[in-house]
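Asker: Residue numbers (the working numbering), protein chains in the order written: chain A, 1 to 661; chain B, 1 to 62.
The set of hints was computed from the structure by calculation and includes no laboratory data. In this text, all values refer to a predicted model and were calculated from it rather than measured experimentally. There's no promise every hint is true.
Result set (SDA-like, lysine to any residue): computed pairs, CA atoms no more than 25 angstroms apart in a straight line [said to hold, decoys possible]:
1) Lys-470(A) - Tyr-552(A)
2) Lys-234(A) - Arg-481(A)
3) Lys-17(B) - Leu-518(A)
4) Lys-488(A) - Thr-54(B)
5) Lys-7(A) - Phe-107(A)
6) Lys-524(A) - Ala-15(B)
7) Lys-182(A) - Leu-34(B)
8) Lys-11(B) - Gly-589(A)
9) Lys-514(A) - Glu-12(B)
10) Lys-103(A) - Arg-35(B)
11) Lys-650(A) - Gly-16(A)
12) Lys-23(B) - Leu-518(A)
13) Lys-514(A) - Arg-35(B)
14) Lys-489(A) - Glu-51(B)
15) Lys-228(A) - Trp-32(B)
16) Lys-514(A) - Asn-36(B)
17) Lys-524(A) - Asn-6(B)
18) Lys-228(A) - Leu-50(B)
19) Lys-59(B) - Gly-492(A)
20) Lys-11(B) - Glu-515(A)
21) Lys-524(A) - Glu-181(A)
22) Lys-103(A) - Glu-126(A)
23) Lys-99(A) - Lys-620(A)
24) Lys-173(A) - Gly-456(A)
25) Lys-496(A) - Ile-55(B)
26) Lys-514(A) - Gly-473(A)
27) Lys-389(A) - Leu-299(A)
28) Lys-23(B) - Gly-589(A)
29) Lys-11(B) - Asp-504(A)
30) Lys-173(A) - Glu-238(A)
31) Lys-514(A) - Val-18(B)
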Amino acid sequence: MWISEIKLNNFRPFFGEASVKFSEKSSGKFTIIEAKADTGKTTFLSAISWCLYGREVENAHKDYLNPFNIDKKEELEEGDIDSFSVEISLNELGEKNPKYIIKRKAFIKKIDNLAKYDGEQILVMEEWEKDNARSIEADDISKVISSILPEDIHMFFLFEGEKIERHFSFYNKESIKNAIEKISQIKQIEFGEAHLQIVRDGVFSSKKKNQGDDNFEINKKEIEEESKRIEEMKERKEGYEKELLTAQSEIDTIDKELEEFNIPLLTEYSNKRKSLEKENETLKGDLSVIKKEVEENLLENAPYAMGFSALKKLLKLIDTEDEDKGLPPRSVRNIILRELLDKKMCICGRSLNPKEKGDSQQAIKKIEKILKKEDLSDVAEWLIEGRIKLKDLLSDLEKKVINSREKKMETHDEIIKRIKKNETEIEKISEKLKKTDRTKLLSRQDQRKTLAVSVGGQQGSIARIEAGIKLKGAEVSRLRRENDVLAKKKEGYEGKKRLAEFMDEALINLKDIKERILVGVRRKVEELSYAYFMDLHWDKKSYTKFSISDDYSLSLKDKNGNEKIANISSGTKQVLLLSFISALADVSGFKFPIFIDTPLANTDNEQRENIAKNLPNYLKNNQVILLMKDQEYTTQFRDIIKNSVCQEIKFAKKMGRTVLL
Amino acid sequence: MKSDVNDMIVKEILALKVDESMKTFLLDIISWELRNINNSNTMRYTREYLELATIYVDKKKE
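The shape of chain A in the complex, shown without the other chains (with noise of 0.2 angstroms):
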């Protein structure tokens, strides 16, 4: 069979009505659907399961309310009733029109701001034969499911990349023993056997009395209830083994969490900011000695300090006055000039002899002037002096003060550098380790020890009610044989004792054919998953055998006869999954599409490519629909498989809702 269409009405992030129309030419080919984390991958598995069976894909939506959309609830008045629905519509091989239809519609009614369930669910299935429709009734349509796709196997046919590591560890025997059985579908042959065991304990009840019938009765009624005793623990213990996979699928999951806390990197983490905590606060106590070296220079300097910009002017103005008008120091200028004087003769060669008349006496009373003006010569020294102190002054003052503090200021400011670096490299690492939220480390933790403990209490009830089940399994065969004993003495007992015999040997042949049908399916499973795992994997030749063993642990085996199975890359064991939970698929014998939502969770871009390029060697006779985030479905992958794709469909998220592109 083929699904031809699906049709989801306000069903989680589809708002209102949206259809999506699989190609004709979708059987044997692969059709995408390609769309970003969280925009409703997963839900389209959820919506077929929703639609087959009333129950969504197990653990697929954590929020645990029911799949009417949010935001058309928003629009709803408190009190108003609305709808979801999901309609699947199924062809046989090579047909264009349905074969089948299932639609499934649930009511709700907004109360306190939640959509509420409001009535029963509404599941109709129409048979189309030609142009004629026929609708099934109700009381058979789980029948007819169950004949497209019983619901115990339908997640080997909807199932999601990302989580078949945790379904099938590698090393939970149980799983993968629970996945062969359920394929096996020896629950009718079981039930067979269980119910012919009953016609069979009632063989020589007659109306008639003999002697020896009230012992007969007796004995009959205490195997009936034996046997109910029997089959009421045999439930119990399934029940234990439901809680024992379960909590072995959690321990799984929390050990997967805890790999990824990956606590050497956190460990290392945490040192790196302790010890650059520890260097910010010898940095900080650094700091605080140069503050208050600075602090001390400034105040027994102070006084210079403040003055040390107006005496440096004061000094300047001084040594520059006269070299700006381009004149000798005053000082030196004076005493030339009294040599001039002395000398009665000009630098530029005019007479300054007082008992000549004319130019010279003139020149005589200039000079004299500009002494008498400016004759500083008491001073002079005085002031040449003071100025070298103020120069020595000024310059100690540089050194003392300005240089020294400006060089303490260079290493206070290096030293704040560094503890800004440190810190954002402290937030940096303390980012990376809030993101690991330690708080859940720990309680994941302790929910292991807890689940661990528990694991050991089920294996405990399951070992207990095991040897129960063998007591009364004793007590029940020691009445039957005081039964046939008694049996003899009763009328008819001839043909009753060859009608039990017939029984007793059918019942015999059926535990035969349940143990041939599990180590058949067993090795059918094996066979197959070897062949896919030899179809998808890029590197054929290292690895010769794929099995399972009488317990159910597998092996993989390299050329050289080693077992690889926990050794084995990610991506390789991805293969191997994918391998495996096809291998259950098509032996099942099913014929329905296979939808793998995330198929290339956890592997790398390079395995990816080589995933793809043995992909259309993968599942040839089916319609297989993968569901892929956009990162999985790259140009490069695409390129590689284009020629096996028939269609790509595209999911978005558009307001918050989820349109088809």
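Starting from the structure of chain A, add chain B where the hints point.
Answerer: Frame of chain A, contents of chain B only:
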């Protein structure tokens, strides 16, 4: 319901080294269970199983 596993069950029954009446009886039981998935109505299967067994025991006697 048509599946490879069902074919396997049928093949296993047919391969048994027992007489034809036993094979037919077992096939009838399996198909009754298939038609009545999870049916635990004691009255129905008791009557039908007993009838079937009686028929096939008689056939065997013949």
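Asker: Each hint should be assessed against the structure and marked as holding or not.
Answerer: For each hint, the structure was consulted:
no.: 1; hint: Lys-470(A) - Tyr-552(A); in the structure: holds (23 angstroms)
no.: 2; hint: Lys-234(A) - Arg-481(A); in the structure: holds (23 angstroms)
no.: 3; hint: Lys-17(B) - Leu-518(A); in the structure: holds (19 angstroms)
no.: 4; hint: Lys-488(A) - Thr-54(B); in the structure: holds (19 angstroms)
no.: 5; hint: Lys-7(A) - Phe-107(A); in the structure: holds (17 angstroms)
no.: 6; hint: Lys-524(A) - Ala-15(B); in the structure: holds (18 angstroms)
no.: 7; hint: Lys-182(A) - Leu-34(B); in the structure: holds (15 angstroms)
no.: 8; hint: Lys-11(B) - Gly-589(A); in the structure: holds (15 angstroms)
no.: 9; hint: Lys-514(A) - Glu-12(B); in the structure: holds (9 angstroms)
no.: 10; hint: Lys-103(A) - Arg-35(B); in the structure: holds (23 angstroms)
no.: 11; hint: Lys-650(A) - Gly-16(A); in the structure: holds (18 angstroms)
no.: 12; hint: Lys-23(B) - Leu-518(A); in the structure: holds (19 angstroms)
no.: 13; hint: Lys-514(A) - Arg-35(B); in the structure: holds (19 angstroms)
no.: 14; hint: Lys-489(A) - Glu-51(B); in the structure: holds (24 angstroms)
no.: 15; hint: Lys-228(A) - Trp-32(B); in the structure: holds (22 angstroms)
no.: 16; hint: Lys-514(A) - Asn-36(B); in the structure: holds (19 angstroms)
no.: 17; hint: Lys-524(A) - Asn-6(B); in the structure: holds (14 angstroms)
no.: 18; hint: Lys-228(A) - Leu-50(B); in the structure: holds (20 angstroms)
no.: 19; hint: Lys-59(B) - Gly-492(A); in the structure: holds (18 angstroms)
no.: 20; hint: Lys-11(B) - Glu-515(A); in the structure: holds (14 angstroms)
no.: 21; hint: Lys-524(A) - Glu-181(A); in the structure: holds (13 angstroms)
no.: 22; hint: Lys-103(A) - Glu-126(A); in the structure: holds (9 angstroms)
no.: 23; hint: Lys-99(A) - Lys-620(A); in the structure: holds (23 angstroms)
no.: 24; hint: Lys-173(A) - Gly-456(A); in the structure: holds (16 angstroms)
no.: 25; hint: Lys-496(A) - Ile-55(B); in the structure: holds (13 angstroms)
no.: 26; hint: Lys-514(A) - Gly-473(A); in the structure: holds (19 angstroms)
no.: 27; hint: Lys-389(A) - Leu-299(A); in the structure: holds (22 angstroms)
no.: 28; hint: Lys-23(B) - Gly-589(A); in the structure: holds (23 angstroms)
no.: 29; hint: Lys-11(B) - Asp-504(A); in the structure: holds (21 angstroms)
no.: 30; hint: Lys-173(A) - Glu-238(A); in the structure: holds (16 angstroms)
no.: 31; hint: Lys-514(A) - Val-18(B); in the structure: holds (16 angstroms)
Consistency note: the structure conflicts with none of the earlier hints.
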